[in-house]
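K.L.:
Residue-level listing of the chains:
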Amino acid sequence: MSLCAILLLLFSFATTSWAGDIEAFPDLNLNDPSSLQEASRVLEEELKLAARPQTYILIDLVTRIIQIKGRGVELHRIPIATWTSKLLKDMKGIHRLIARPPVVRRKIDPTTTVEQEPISLADMPVDYTLSFTPPLTIDVAPSAGGSPLRWIVSSGKTWWRNLKNWGGSLLTDQSVTRGPHLQLAVSVEHAQSLAWSLVDGMSLVIRRPTDK
Amino acid sequence: MARVLFSISAMIFIGLLVVMVPHSSQMISPSPEASPSPAFDKAGIRILQARYKTLSKQLYQLMPHQPYILVDTARNHLYVKRQQEVVLEAVASTGSGTILDKPGDSNSQWVFDTPRGEFLVQSKLTNPAWVKPDWAFIEEGLMVPKNSSDRVEQGVLGEYALGFGKGYFIHGTLYTRMLGKNVTHGCIRLNDGDLKSVYQFARVGTPIMIF
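Respectively, the protein sequence lines represent chains A and B.
The opening residue of the first sequence carries number 1 in this note's numbering; numbering runs sequentially from there.
The opening residue of the second sequence carries number 1 in this note's numbering; numbering runs sequentially from there.
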């Protein structure tokens, strides 16, 4: 009986100590104050989200991973090939997705016996813009991934967007892009997977690199 | 004409410059090992480390510590997980994403999506009967019955059902060849064996995470 009690006590110490060593960001340099501050800021935001029954997004620009999470648990991960940003310093706090990318849904016609094809990942867009509040814009585009054609299309779109911004700023005498802006390049499959996983009003937190 | 051509050429040239010059963009690179900032002494860093570890622990405490159900609607897979360990993996069928107009209301539709987010198992049923909602009749071009007993259909949901709110269930199916596809009206279908295992694992209150 006493042996059981001792074993139970030892086990409880072991599990407490294990839980105590859990680190949210295993890649974190514990000797870098800026990285520690950024990680703690993200954790403070994430704690607010994980306390409620919902799924949310964590974009980790340090490890280049997009995570769909719930209660602090990673449900799904999407690797980022490359990213660029404007006003990175303003990407703090919790942002809420205004609307998920539009999906073309097929309508059931009760007058026919023909079954409608269900939507699938292949129906999801690969190149889209996500708008958040407080203001944040995220452009998701497929990474070139060794395809010259995809690189040309992607570069062309970037060029056109920059030209529009520049033209707009000339006309209105102010920058058209308001608020921070993040451009993510992911594989085609991952772009579609992200579009699928998004929900209107979904919350987002971004972990920023501190070496900039 | 020459002036117009000159203006267009100038616009394209300046546009190219805008693209070439990397104004406030930042190119990516993972954070290298940074050396401690001189603004923080060892004691300061220890405080930051303690803060970070406390927050990590708080997040860990919010994670489900009992088994939970995870549903991937894009790939039609259901998992029972205990922390990061996969206890059970099953092929499922989830919502088709199709739409159906509500009769008499051109602005209103049913959207057959499996809801995303976190839910809880609210009920555990054995030998459940399907009480067919209005859409089940309308999509087949039938009249909605006035008598509620005409809505009840036995034997189509398998031997068990787990309710997670608003009429959504994890249940069985007669159409096992459709497992792995998005074909349902929002419920989550499993084959008989997997359904039995999930039913045995789950308690009322077991979290269901759907993405």
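Errors might be hidden in some of the hints.
[Stated by the list, open to error] Below are the DSSO-like pairs computed for lysine-lysine, each with C-alpha atoms no more than 27 Å apart in a straight line:
(1) A:48 <-> B:57
(2) B:132 <-> B:146
(3) B:42 <-> B:53
(4) B:42 <-> A:107
(5) B:53 <-> A:107
(6) A:92 <-> B:57
(7) B:42 <-> B:102
(8) A:48 <-> B:166
(9) A:164 <-> A:86
(10) B:81 <-> A:107
(11) B:57 <-> B:42
(12) B:181 <-> A:89
(13) B:81 <-> A:48
[What the hints assert, rightly or not] Pair ranges (Cβ atoms, derived):
(14) B:136 <-> A:171: 53 to 63 Å
(15) A:168 <-> B:91: 42 to 52 Å
(16) B:140 <-> A:171: 53 to 63 Å
(17) B:154 <-> A:47: 42 to 52 Å
(18) A:112 <-> B:131: 50 to 60 Å
(19) A:122 <-> B:126: 30 to 40 Å
In case anyone wonders, no lab produced these hints; they're calculated from the structure.
Since we're looking at a predicted model, the values are computed, not measured.
Ideal Cβ placement from N, Cα and C applies to all residues, glycine included.
K.L.:
For the pair we were handed, residue 81 (chain B) and residue 48 (chain A), check the Cα-Cα distance against 27 Å.
P.N.:
holds, 23 Å
K.L.:
Holds or violated: the 42 to 52 Å window for the beta-carbon distance between residue 168 (chain A) and residue 91 (chain B)?
P.N.:
holds, 49 Å
K.L.:
Within 27 Å, alpha carbon to alpha carbon, are residue 53 (chain B) and residue 107 (chain A)?
P.N.:
Violated: residue 53 (chain B) and residue 107 (chain A) sit about 51 Å apart, past 27 Å.
K.L.:
In this structure, is the beta-carbon distance linking residue 112 (chain A) and residue 131 (chain B) contained in 50 to 60 Å?
P.N.:
The hint (50 to 60 Å, Cβ to Cβ) is violated, given that residue 112 (chain A) and residue 131 (chain B) are roughly 26 Å apart.
K.L.:
Within 42 to 52 Å or not, the Cβ separation of residue 154 (chain B) and residue 47 (chain A)?
P.N.:
holds, 47 Å
K.L.:
Would you check the hint for residue 81 (chain B) and residue 107 (chain A), treating anything up to 27 Å between C-alpha atoms as holding?
P.N.:
Measuring from Cα to Cα gives roughly 35 Å; hence the hint is violated.
K.L.:
Check whether the Cα positions of residue 132 (chain B) and residue 146 (chain B) lie no farther apart than 27 Å.
P.N.:
holds, 12 Å
K.L.:
Regarding the pair residue 42 (chain B) and residue 53 (chain B), is the alpha-carbon distance no greater than 27 Å?
P.N.:
Judged against 27 Å, a Cα distance of about 16 Å means the pair holds.
K.L.:
Do the alpha carbons of residue 164 (chain A) and residue 86 (chain A) lie within 27 Å of each other, as the hint requires?
P.N.:
holds, 16 Å
K.L.:
Can you confirm whether the C-alpha distance between residue 181 (chain B) and residue 89 (chain A) stays at or below 27 Å?
P.N.:
violated, 43 Å
K.L.:
Decide if the proposed pair is consistent with the structure: residue 48 (chain A) and residue 166 (chain B), CA atoms, cutoff 27 Å inclusive.
P.N.:
holds, 26 Å
K.L.:
Taking 53 to 63 Å as the stated bounds, is the beta-carbon spacing between residue 140 (chain B) and residue 171 (chain A) within them?
P.N.:
holds, 55 Å
In the structure shown, a violation is registered for the earlier hints numbered 4, 5, 7, 10, 12 and 18, in ascending order.
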